[in-house]
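**Q** Once you've looked at the hints, dock chain B against the given chain A.
If you read the protein sequences in the order shown, they are chains A and B.
With the first letter of the first sequence counted as 1, position 324 gets the number 323 in numbering that gives the first Met the number 0; the numbers rise by one all the way through.
With the first letter of the second sequence counted as 1, position 192 gets the number 191 in numbering that gives the first Met the number 0; the numbers rise by one all the way through.
Be aware that one or more of the hints could be misleading.
Repeated chains share a single entry, so a pair holds when one copy, or any two copies, can fit it.
[To be verified] No farther apart than 35 Å at their CA atoms in a straight line, the calculated lysine-lysine pairs in the DSBU-like style are these:
{"no.": "1", "residue 1": "Lys372", "residue 2": "Lys196"}
{"no.": "2", "residue 1": "Lys546", "residue 2": "Lys196"}
{"no.": "3", "residue 1": "Lys343", "residue 2": "Lys196"}
{"no.": "4", "residue 1": "Lys629", "residue 2": "Lys294"}
{"no.": "5", "residue 1": "Lys647", "residue 2": "Lys611"}
{"no.": "6", "residue 1": "Lys267", "residue 2": "Lys372"}
{"no.": "7", "residue 1": "Lys313", "residue 2": "Lys24"}
{"no.": "8", "residue 1": "Lys343", "residue 2": "Lys267"}
{"no.": "9", "residue 1": "Lys629", "residue 2": "Lys463"}
No lab work stands behind these hints: they were computed from the structure.
Nothing here was measured: the structure is a model prediction, and the numbers come from that model.
Protein chains: 2
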Amino acid sequence: MLRLDPKKITLTLQEKQTFERMQKKAMSAILHATSLAYSGHPGGSLSSLDLLLVTYALSDISPENFSSANRDRVVVSHGHISPAVYTVLSQYGFFPEEEMILNFRKTGSKFAGHIEHTTKGIEWSTGNLGQGLSAACGMALAQKRQNINRKVFAFMGDGEQQKGQITEACRFAVKYKLNNLIAIIDVNRFQIGGATKEIMDQDLAGLYKALQWNVLEIKNGHDHEEIFSALQKAKQLENTEKPTLLLAHTFMGNTIPFMHDICDFHGKPCSDDEHNVALEHLNLPNRLDTLRSKKSQLPFKSSPPEKEEAFELKINRGEPIIYGTDVSTDNRSAYGAALADLGKLNNHTDLNTKLVGFSCDLEGSVKMSSFRKNSPEFFFEGGIQEHNTSVVAGALSKENFQVFFSTFGVFGVDEVYNQQRLNQFNETNLKTVCTHLGLSVGEDGPTHQNLDYIGLLKNIFDYKVFIPADPNQTDAMIRYVAGVYGNIFIGMGRAKTPIISNENNLPFFGKDYTFEPGKADVLRKGSDATIVSYGPLVVHALEAAEKLQTEEGLSVTVLNMGSVIPLDTQAIIQAAQKTKVIVSLEDHHVDTGVGSMIGNVLAQNKLAISFKPLGVDRFSSSGESSELYKDHGLDTDSVVKTLLDLRKSI
Amino acid sequence: MLRLDPKKITLTLQEKQTFERMQKKAMSAILHATSLAYSGHPGGSLSSLDLLLVTYALSDISPENFSSANRDRVVVSHGHISPAVYTVLSQYGFFPEEEMILNFRKTGSKFAGHIEHTTKGIEWSTGNLGQGLSAACGMALAQKRQNINRKVFAFMGDGEQQKGQITEACRFAVKYKLNNLIAIIDVNRFQIGGATKEIMDQDLAGLYKALQWNVLEIKNGHDHEEIFSALQKAKQLENTEKPTLLLAHTFMGNTIPFMHDICDFHGKPCSDDEHNVALEHLNLPNRLDTLRSKKSQLPFKSSPPEKEEAFELKINRGEPIIYGTDVSTDNRSAYGAALADLGKLNNHTDLNTKLVGFSCDLEGSVKMSSFRKNSPEFFFEGGIQEHNTSVVAGALSKENFQVFFSTFGVFGVDEVYNQQRLNQFNETNLKTVCTHLGLSVGEDGPTHQNLDYIGLLKNIFDYKVFIPADPNQTDAMIRYVAGVYGNIFIGMGRAKTPIISNENNLPFFGKDYTFEPGKADVLRKGSDATIVSYGPLVVHALEAAEKLQTEEGLSVTVLNMGSVIPLDTQAIIQAAQKTKVIVSLEDHHVDTGVGSMIGNVLAQNKLAISFKPLGVDRFSSSGESSELYKDHGLDTDSVVKTLLDLRKSI
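If we strip away everything but chain A, and leave its shape as in the complex, we get (with noise of 0.2 Å):
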């Protein structure tokens, strides 16, 4: 272990030799690692190892301070080089190295193949490539707001820079001036697939000065002075306001004679001759066998790792702002008015944390405006990015702060997926707002039609959907969401929707509700049938039911289910079992949505009742969006057609 004084110039003889002992102990923790788990990553790992020994050295990160905002950080986007993190980690007092050669890659354990952010000295998981520039952003954000003087390197692979995601995060890092922002790319000039010139070549240097970065290059990536040097040049280019780029030139394998500069290696590890013979080149102790007889007498250890901890959030709920029965708004209307006055509460004191907020280029259709302007140093446009937005706003939100992240349905789920999957798995604490959904959109047509986002959603564990009715729901529920840690989505439409009210006609969200998740709201109560939905359709369950009293005198429940994940199965059992028959009802694909959730809470509870879910279930068109309910069967009448037809089946 080494801690270079961040004043110097030049490294001392000893430490150089430091680093080169440090260099081979590390070599020989990567290719034991990889041996004993027969897969993982060596040639890789080798190429970058040097160059996270020297900005380990350089940086002030430790098992001590890892726990304070106030340190330096190191993402490492090319997750799959795995076993050079551990190791350097272990040789900073993180972890002890033989728990790491021996667990790397079990099942249970902290040492995945792609580095985790469960494991103590990683900041972020990766394996997909081209996100890390993305979250290294948001990192080196949440230092400028939180007045943290230190810094955020990100390490990249060559390869991986053939994601378009890295050009959005460097304009961001560009707009936002993160000059406290190191980026390293190792080039090895491999990728998995062969050479990076045949796969897919470009002009690094050139890409990164276009897009109005610092660059520097090091020419030799395993020279620990030459690393160090360009590192503190790097370091001093601070004051350009910009961020800056190191292109680190390296082999694959590194000193290894048979892995070296051999593509490979990329993804595979050594036979155990080729082993003997890298130890032997070494000149270390070959402990495969040692270690391979420890292994195999590990006990079974159950999946996932332990969660992280998360921050304490300080939040000023304030009052709900109560719409009356005679408001004409729109939900998203409400959503601005509620995240605008949490921002007044919250933003203008040292007590709480503070609430920020993030668009792609639809600030004002999504009606953030007000916030910007009574926050505008924790509002932040991202453009049209959503790939890198949603990565940047995943990140911070993990830094003390309560982010929401708004934008049309269609770009914050269906194009952004994966994105939010991994910020889940990285625990952030994301609040995405969606607005624009559904058929709501209309005359945008089928392209701009979110008709998938539970569908889409519920495949992320554990994350949360709340779809509000109405502008008082809409208010209560970003409030309730703003004073809880975690991901979650919230939706509406584009359209003015009346306000609910209850059988007195006062709104039925009114002072007295409070947003419970996992709990229907029961708007009507009736013994004939249950009508199920949520969001804009709920207004045609309401005339729906009031249509069946007064001309069939039926007597129709109507539940809300503005928490739709988790989603309130006792009450679809109760609904099931008293009234016999349910329709739901939702601006949604017909087989993704609640309906089918209703579906399995049926199935798995053997209730044999009459329900049919109505949804959409074709691409739809451009045009005015009640004609398109009409179209597609989701006007009242057909709700009250559907539901009579379904009465003569019980």
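**A** Quick look at chain B alone, frame taken from chain A:
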């Protein structure tokens, strides 16, 4: 309408005057269409208009040649400028102008808010930004491989240049020397949220040059002569073997005084008063009232508009490769062998449709190497650029090619879900064959474990999903899909899979087997319970059935759902009625896979039986796949236990 001699150097006075007349007529149409619809994007429509007019005049695109591959192409990526595209197409005879104006943004009409490919003259449906250049790459590649000496013009907005996918497309176009591709960016300096300089500033000329494109500037993008001359120059750059960009500087709102250079009209039509002022300025008849009255009398038309006619596939499917019960291989190798065989059979004769392969840096892992070797000119390595590759492959698949796109499941589904959705909307013909699905990917860990491919893809209307149980079924499925048009996903794990045998110990999917969509395979017949599975866990289902027979004397039906979508609902209903007990078993999110589909079949058919879905209910771990199966209760013993428990509750 004007057709310019492609050999001309300058425009005549008469031609200039004609362009001016066309421009004014088009401006009037844009204004009328958006004012009548009370919505739309007039600002950008007016800024792009002159570029479109001159491009069509210099191109060989007409209603007459539009069904021939031998034509120039125009892709418009910023699909919201639909009124401009429609009015230019109407001037070139594609449809009557008044029909367009009256039906713009009307339910069920061909004139949607964002352009759709079902409208004659439109090459590609767009709306979600940043995707058009990728589609244009696919078309340019098709021209190259069909030896068609034509051009593809890709129009884009300047705001959408922020999308990372565009840099991916740029690299692809350079790698494959698409010198027949001319991109034209309408630099009107605004996007919906404000000035591009404020939202996300960038140096477009510098960026495209760094990406190795030819770059030309059009100083005045409303000067027909300058546009003409730049287009002529761009065509001459063909010999550089590079794609060419025209950066055209324009004004939002064109010459209309109150719209000129004003961001506000990006996504907002004129008020009636503004419309009147604009038409007065143009000195053209104001037909707003007349047309409004006509529009109000149009009959309602249901969505969606008609489907496009697909090209006729001519594929020799060859003879199945049969793997004996003693063979030890994986499904992906069987895929590779089938694809290579199909390539040999079809790609070396002029009589058949050519097969094409795309990979994203994973050619070896997805077993496309044999295909590449026998069909080198029909294999494309897209690099770590899945967003671009999925759209390029989609666009190419409509051009008389049968296209296979292969990568890991998380990249081919999760990362590019929205691209696949938009491919389906574009009625492409893409076979996405993903490997490394599920927990089978083991040690690569949760970021790589694709547990949601069914859960995601079932949100895309009419998309098909097939999952083979063993190498024989893989061969049968690949040969089947090779002969049909449409988007189909075929998925498989990483590990070796035993050959499924029938009760006589012969390959179940042997020489008499033909794959049929929507048909379950009855692997074992029994009357006491049913296990439904697919893919790698079919083996556990069979083992469980055998164990239950031997140890408990129970006869168990085992259904293999190789065709996941469409699902064989009749087989489920019959099994439920006959055996009263169903356990589903899948290497997939338990709430969103086949189990949830079965739940819905039961609920909608009022079948109250003992049903339990087994699947994955949390992020897993990096570890050996057999350990992970056990850890998640998906091993043979867990299935036996679940089924015995269920039987107790009949």
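**Q** Now tell me if each hint is right for this structure.
**A** Against the structure, the hints come out as follows:
no., hint, in the structure
1, Lys372 x Lys196, "between (47 Å within a copy, 20 Å between copies)"
2, Lys546 x Lys196, "neither (68 Å within a copy, 54 Å between copies)"
3, Lys343 x Lys196, "between (52 Å within a copy, 29 Å between copies)"
4, Lys629 x Lys294, "between (64 Å within a copy, 19 Å between copies)"
5, Lys647 x Lys611, "both (13 Å within a copy, 30 Å between copies)"
6, Lys267 x Lys372, "between (53 Å within a copy, 23 Å between copies)"
7, Lys313 x Lys24, "neither (45 Å within a copy, 60 Å between copies)"
8, Lys343 x Lys267, "between (54 Å within a copy, 31 Å between copies)"
9, Lys629 x Lys463, "both (30 Å within a copy, 28 Å between copies)"
Hint check: violations occur at hints 2 and 7; the rest are consistent with the structure.
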